[in-house]
Structure formats: structure tokens, C-alpha cells
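Engineer: If you want the building blocks of each chain, they are given just below.
Protein chains: 2
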Amino acid sequence: MHKQLTIGLFGFGVVGEGLYRVLQQTPSLNASIKKVCIKDASKKRNAPAELFTTDKDVLLNDPEINVIVEVINESEPAYQIVTTALNGGKDVVSASKKMIAEHLTALLELQEKTGRSLLYEAAACASIPVIRNLEEYYDNDLLHSIKAIVNGSTNFILTKMFDENLDFKQALILAQQLGFAESDPKLDVEGYDAVNKWTFLLTHAYGIIEAPEKILFNGIQHIHGGDASVARARNQQIRLVAQAQKLQNGKVAAFVLPQFIQQDDHLAFVKNEYNGVVIESGFADKQFFYGKGAGSFPTASAVLSDIAALRYQYKYEYKKLYHHKPHQLTNELYLKVYVSFTDWKFIPRDEFEWIEEWHAQEERKYLVGVIAFSKLQEQNWWRENETSLILVPEPIIEETATRDLRKRSLELAGIV
Amino acid sequence: MHKQLTIGLFGFGVVGEGLYRVLQQTPSLNASIKKVCIKDASKKRNAPAELFTTDKDVLLNDPEINVIVEVINESEPAYQIVTTALNGGKDVVSASKKMIAEHLTALLELQEKTGRSLLYEAAACASIPVIRNLEEYYDNDLLHSIKAIVNGSTNFILTKMFDENLDFKQALILAQQLGFAESDPKLDVEGYDAVNKWTFLLTHAYGIIEAPEKILFNGIQHIHGGDASVARARNQQIRLVAQAQKLQNGKVAAFVLPQFIQQDDHLAFVKNEYNGVVIESGFADKQFFYGKGAGSFPTASAVLSDIAALRYQYKYEYKKLYHHKPHQLTNELYLKVYVSFTDWKFIPRDEFEWIEEWHAQEERKYLVGVIAFSKLQEQNWWRENETSLILVPEPIIEETATRDLRKRSLELAGIV
Chain A
5 MHKQLTIGLF GFGVVGEGLY RVLQQTPSLN ASIKKVCIKD ASKKRNAPAE
55 LFTTDKDVLL NDPEINVIVE VINESEPAYQ IVTTALNGGK DVVSASKKMI
105 AEHLTALLEL QEKTGRSLLY EAAACASIPV IRNLEEYYDN DLLHSIKAIV
155 NGSTNFILTK MFDENLDFKQ ALILAQQLGF AESDPKLDVE GYDAVNKWTF
205 LLTHAYGIIE APEKILFNGI QHIHGGDASV ARARNQQIRL VAQAQKLQNG
255 KVAAFVLPQF IQQDDHLAFV KNEYNGVVIE SGFADKQFFY GKGAGSFPTA
305 SAVLSDIAAL RYQYKYEYKK LYHHKPHQLT NELYLKVYVS FTDWKFIPRD
355 EFEWIEEWHA QEERKYLVGV IAFSKLQEQN WWRENETSLI LVPEPIIEET
405 ATRDLRKRSL ELAGIV
Chain B
5 MHKQLTIGLF GFGVVGEGLY RVLQQTPSLN ASIKKVCIKD ASKKRNAPAE
55 LFTTDKDVLL NDPEINVIVE VINESEPAYQ IVTTALNGGK DVVSASKKMI
105 AEHLTALLEL QEKTGRSLLY EAAACASIPV IRNLEEYYDN DLLHSIKAIV
155 NGSTNFILTK MFDENLDFKQ ALILAQQLGF AESDPKLDVE GYDAVNKWTF
205 LLTHAYGIIE APEKILFNGI QHIHGGDASV ARARNQQIRL VAQAQKLQNG
255 KVAAFVLPQF IQQDDHLAFV KNEYNGVVIE SGFADKQFFY GKGAGSFPTA
305 SAVLSDIAAL RYQYKYEYKK LYHHKPHQLT NELYLKVYVS FTDWKFIPRD
355 EFEWIEEWHA QEERKYLVGV IAFSKLQEQN WWRENETSLI LVPEPIIEET
405 ATRDLRKRSL ELAGIV
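Chain order of the listed sequences is A and B. Sequential numbering of the first sequence, starting at 5, is according to my numbering. Sequential numbering of the second sequence, starting at 5, is according to my numbering.
A portion of the hints provided could be inaccurate.
[As the list claims (entries may be wrong)] Pairwise CB distance ranges, derived in the manner of DEER restraints:
1. B:Ala45 to A:Arg238: 53 to 63 Å
2. B:Lys290 to A:Arg25: 12 to 22 Å
3. A:Glu398 to B:Lys173: 37 to 47 Å
4. A:Asn276 to B:Glu68: 46 to 56 Å
5. A:Pro67 to B:Lys290: 34 to 44 Å
6. A:Arg25 to B:Gln381: 36 to 46 Å
7. A:Glu398 to B:Lys290: 25 to 35 Å
[Stated by the list, open to error] Take a look, some chain B residues computed to stay more than 12 Å from chain A by CB distance:
8. Gly17
9. Thr109
10. Lys173
11. Leu220
12. Ser233
13. Val282
14. Thr303
Note that these hints are calculated values from the structure, not bench results. Even for Gly, the Cβ is constructed at its ideal location relative to N, Cα and C.
Generate the whole structure from the sequences, applying the supplied hints.
Structural biologist: Here it is as C-alpha cells:
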């Protein structure tokens, strides 16, 4: 009835070992691990020695192994493993978000060419089945928007800044102590991890293929205690949100930015290391998925569900890419943003369409203004010099705003 | 690559017509409706006349039709259609929760016998893919508990009682005006609809097969404005919650009852006509799914996803039933409950293990006490005489409580 799966596993860290244990306990899955490839043969493992090898070809060349599961940390070795396995006629389950984001085009071609299946539910939001649901549940024309918290480390830090009044550094240290942030937190904190995940979620949601570095993103590294105070005074919180939204012109605006969110927003419900996804569509209306986005067990559970799906030869269809006219990204829009800073000299006021608020007296100065998305893409001032930019999530402005409005507001503000 | 689906559709109400429109717009699905069976041929329809028939055999005997989609309202005709279709070698998609709940055993046997697929994601929580996720994501040993709001009508009424201070009748009328409750609201309001859905969700979650009338349930028909006030004073809300929980003895406690819930509970987030499901498991930890649980479009979107799944011959595996030792239901537990009433004479005080609070002075009297689950199963006083029973969701008590405690508390209360 089901395909018998014989698995070659790469990686025996917390996820790999967790997976090994679960598969042992669930004979019904019809899946067994034949061999595990590890880097360091000398490390002591809680499994029979004959299970292990350090030679990847032992797994990749074994004709009996029909599934490669890859849960290693390094992106390039993972890419080599995945491509060799697909070319060798094996199905693949991967959890390597960075690898998938960076090699998306090549991996799509390879799936087409080989006809094999590459599943990677664990690579985004771990325990939340977001990829499978985007594949199965939303038709191209109907997906209005998707907003998500896809990085647990930054969400943990932001939650602690709000709920316990910690400053950024204290919250980061706490996250590291509890294992929610790496010792080198750059990938998480500066938004790289989130935009990597967003890259392929955009493919499943809208058929968009874009390199991660081409997607507008920022992290939370410059979020200041003062920003949290402003948010709190407005009964809002700050979250790092990945967002994609279909505009009236049919194109899609997509970015990963810190945002103010209302206390009753679905994403405000997502605290600490959890992830959450809010999908708005014509048919299903508003849906919200919430769960752990990282960690050994949540990740193993997602890998396991991919393995289970391979038994009935499940493949991602990338419907929005292949069966519909894929959507295009656009930069023809304007965002309302809050910008806080230490000195006016770092802020190119003239770049704003208009400025609605300015608070120049406080130690931490800030303004609220409207700026063209394309300017944020072209310029870097808003990431530098301790400047923090936070999206004010009003409806995205699609029409060109009149420059007069800007000029008048600057005049009123006494800035020009 | 995919199976070409030729569909015979039963029912052309809001769901059926919605489905027809979507399928027209998504040729990529490789699925087309060949014929639609309706009851009333004279009604004007927004589709070519030749599409329709009133003779069900035209669909059921057509060898070209390989999928029957059934979105009619009556349970017994639906059962006839579904069984005939499966026996005729066709796959089936159904949205009839009552039919599925009442005929679960026969439908399981028929799926086994015929090898055909019967999918019914739309029958519970509509737009929330709860069945598919229970099938794919949770292994038998790991599912600690599942708590869900599965009925939008009652949730709408309870929300309005809290947020707008309406009494039960006002809230019901509002629900009816807005189309969230039937003109005969009995099925929803008295909990029948919720327990029907819970019946087969228990099968997918725990491999339990039980007739709906054997599962302890109640509705919200006797929830009183006074109960809402008590909840509000404790910073809680009341929701109609379907719950199943694995106890330490390995058995499962399951019921559908109104519950007090904390403001920060996941289910408190579920307001108005929405549904929500909270799943706790060993691996994925806590997951929360939220979305519209009824309505033409959310239902059509769930039906559509089932149709999409049939293209790659997806079937429910009922893993927890067939591949594991199915769980058993137990009644060996005690619940802490709040009971409000108009007169002490309706309350069999002696049946309680102990009573912790009693408020006999108010117009609406109430007590909080611990009672054996089996007593609630055997007796009916708590559903009658305007009495309302609401679960206080403390950890379920598995050990036999000492009767002494009960006696002492009654003495202290001056009740005996």
C-alpha cells in the first residue's frame, strides 16, 4: 500500500537523534534508518556503532536507501548532499532554510528534472505546517496576504523587552542562556534567518522566486528600549514580521521588518520563542497558525511528517509557480514608518513623502513619516548609526503621494 | 502525473455553488464537475441547465465520474449517497458531520472493504485543516490533549454575552440575524453539532470510536447572564469546549462542556463565529489553529483541499486506530464544576465529592464542587431546570477523592 522507506540520515545532533528515536517507536511508519552520516566519528552516540559512517557516499550510493534526510547545519555541504541525492533518484527531506533560500532556483529545476520529491516543512516555522497548508489550501487568486513571525529568537527578545522591561542586550543574553539564540546571534537578530525562510514561503504562497538579499529586510538589532516605551504608550507591541500582500495592481509587496502591532492582533498573541502565521484569503478568510518554530522536537516532528508524506509519494507542486501565472514583486508602494535615532543628521528628511510626527526633544528622537519603498531598498541610512525603523502597519499606500503634502508637513514641522 | 478527477456533485446550495465557481477558475486542479444532483429542479441556478439532474443514479452509475462530492444537509440521504459511491468504486468528499458521526463504524468498514478514499475535512472546523493535521502530524504516543472550539454559533453567542453584555436570548437572535445560527438553533446551542464533530475528531486524534450519544456533552442553552458576571469577576470567559486528554493511566477523558477559560488562554482568543483548536503533544509542544469554522466559502475551501488531495490518491490512514493500539475512553475521573441554579432543591448535593464554594444569597445561586465524571454521565439534573454546569478547568482529578473531604466541606458549609 505504502512505499517502504529506507532512510539515509545526515546529522545526528538533537534533531537527528530525536528523529531516530521516534522512528524506532513507530514501526507503523514503514520507515527505517539504515545509515547515519556524521562528521565526528569519535563522539559518543546513543545508538549502535554500525549505524554510523563518516563517508557520505555510503549513503548516497546505496541503492537500497530511497530517502535522504538532511538535518546538518552547514548550508553548502547540505546543498551537495541534496543535489546528489535527487540526481541519484532519491527523495529528500531537508531542514536547511539557508540552503533552500540560496539555491531555490537550482533546487526547483532539479526537482523538475529528476521527478523526485524534496520536502522541507521543518525549514520554516518547524512545528507549524505552513508550507503544506500553503500548497494545499490556498489558490493563487485568493491569497490576499500572509503575515508571519518566523524567527523565535527575535520574538523571544522582543517579548522580554515588553513583558519584563529588559533592554535589548539583557534580553539577548537571556535568550542565549535559555538556548533560544545562538552564541553568534547575527543571523537571527539581524533578520537573515527570517528573510531566508520568507524567500521560499513566498514561492509557496505566490509563486515568487527571489534571492533573499533582494527582499527588503531588517532585524531588531537597533530596537531601543525607547521604542518599546513608545509602543507601550500606544498600547502596541513590536514584532519582527515577515509580510507579503497582494496589492490592487495584482503585484505583491513583500518584506521582513519590525512592526508595531495592536495588542489584539493575532501576532501579538505570539510570545517568546513561538512562531505564528496569519493568512488572509478570499475563501477561508483569516486563518492563524501558532506553534513552536524551532527546537529539536518541533523540528523532528516536522521532518517526520515529511517522511510520512513521502510514503504516498507526496511532492510540492509549486502550483502558484507552475500552474498559474506567478506573481511579481513590486516596489511601487509607500510605507508609513516610525524611525528613531540619536541625531537628526543621520536622517535624510527630504527622502520622506511626508512627515506626520516628530519628537525631537526626547533623548531618543523619533519621527513618523511616509516613505517610498524603493528608497528603503536603495538606501542604507535606516539600518545604520543606531537608527531603528519600525513599520506602522496602516494600509499600504499604493498611489503616489503628492510631494506637496510632504513639503507642507515639513514646513509645518519647522524642519525646512 | 495526477489522477484526472471527474466529479459528481450532490447539492448546489451556497457551498456547492461556491465550489463549482472555484473549480471553473482553477483548471490546474485537473478536476471538473460533470453533473450536479439537486432536489428541486424548478429553482433557478447560475449554471447551464444540462449540468443538473434530480436523479442521483445518473451520477452514481456514471463510470466516468470517479469522485462524488456531497454537500447536502440531510444526514440519511447523504449516507445513502456516500455508501453507494464507495461501493461503486468512487472516491468521496463529504461535509456531513452528523452523518459521519452517526455512521462512523460502517464508514470505516466500507473504506477498508472498497479501498476507496472518504475525505471530510469540511465536516469539522471548515477552514482549519484539523483532520489532516491530526492524521499527519501527531503520533499516537505523543498527543497529550486536544481542546477545541468546534461550533461557531455557540461561540458567537458566548462572545456577545461577554463583549456586549447581551443575555442569551438577545445574543441568539443576533446570531440568527447574521446567519450564524439556524432558525432552529437546537443542534448548535444544545451541543449536538459539537459532539458530532468531536466523535470523529476523537477517531483521528486517538483512534477512539464512540457513538456521539455516548460522549458526555452539553450545550450553552442554560448559560445565564449571572454566569457571565461570575466569569468576568474572575477575569475569565466562558466557551463551549470540546476536550480530550490522555490521563496518567493511558486512557482518554473526552467531553464537550462549557468551560471557564482564562483571558490569556488560546481559546479566549477565539471570538465570534471563529473556531480554534489547541493541540498539546510531546514533540510539537503546543499548537494552535484558528479560522472560520463554518460558512459557504470556508467550507468550500476545505472541500476543495480534499479534492486536491484525491488527485494523488490521498486517504485517511486512521493510524491511531489501525497501526497503534487504539486508546480507550475512561470515566474514572473527577471534574471540578461550577453549577448555577434557581433553587437548591434541583441540586443533589450529596452526589458531589466535595463542595468548595456556595453562593446561596444571590438571585442566581451557584456552587463550585468536585463530582465524579460517571455521575454526570448517569444523571440528568445538571442539564435540567435551568441549571447550568460549567467546567472549572483545573487539572483533571484522576484519583478517587476521599468522601470525608466532601462530608467535611458540606458540614462547614452548613449544608448538612
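Engineer: For Val282 (chain B), is the shortest beta carbon distance to chain A beyond 12 Å?
Structural biologist: Non-interface label on Val282 (chain B) violated, nearest chain A Cβ at 9 Å vs cutoff 12 Å.
Engineer: Does the claim that Leu220 (chain B) lies outside the interface with chain A hold up, using a Cβ gap greater than 12 Å?
Structural biologist: holds (28 Å)
Engineer: Taking the shortest Cβ-to-Cβ distance between Lys173 (chain B) and chain A, state whether it exceeds 12 Å.
Structural biologist: holds (28 Å)
Engineer: Quick check: does the Cβ-Cβ distance between Lys290 (chain B) and Arg25 (chain A) fall within 12 to 22 Å?
Structural biologist: For Arg25 (chain A) against Lys290 (chain B), whose Cβ atoms are near 21 Å apart, the range 12 to 22 Å holds.
Engineer: Quick check on a hinted range of 25 to 35 Å for Glu398 (chain A) and Lys290 (chain B), using CB atoms only.
Structural biologist: holds (32 Å)
Engineer: Taking 53 to 63 Å as the stated bounds, is the beta-carbon spacing between Ala45 (chain B) and Arg238 (chain A) within them?
Structural biologist: About 59 Å separates the Cβ atoms of Ala45 (chain B) and Arg238 (chain A), which means 53 to 63 Å holds.
Engineer: The output says Gly17 (chain B) does not contact chain A. Does that hold with a beta carbon cutoff of 12 Å?
Structural biologist: For Gly17 (chain B), whose nearest Cβ neighbour in chain A is about 16 Å away, the distance exceeds 12 Å, so it holds.
Engineer: Just want to verify: Thr303 (chain B) was marked as not at the interface with chain A; is every Cβ pair farther apart than 12 Å?
Structural biologist: violated (9 Å)
Engineer: Since Ser233 (chain B) was said not to touch the interface, does its Cβ keep a gap of more than 12 Å from each Cβ of chain A?
Structural biologist: At roughly 23 Å from the nearest Cβ of chain A, Ser233 (chain B) sits farther out than 12 Å, so the non-interface label holds.
Engineer: Given the hint of 34 to 44 Å, check if Pro67 (chain A) and Lys290 (chain B) actually sit that far apart at their C-beta atoms.
Structural biologist: holds (42 Å)
Engineer: Taking the CB of Arg25 (chain A) and the CB of Gln381 (chain B), does the distance hold inside 36 to 46 Å?
Structural biologist: holds (38 Å)
Engineer: Taking C-beta pairs only, is Thr109 (chain B) more than 12 Å away from all of chain A?
Structural biologist: holds (21 Å)
Hints 13, 14 from the list above are not met by this structure, while the remaining hints are.
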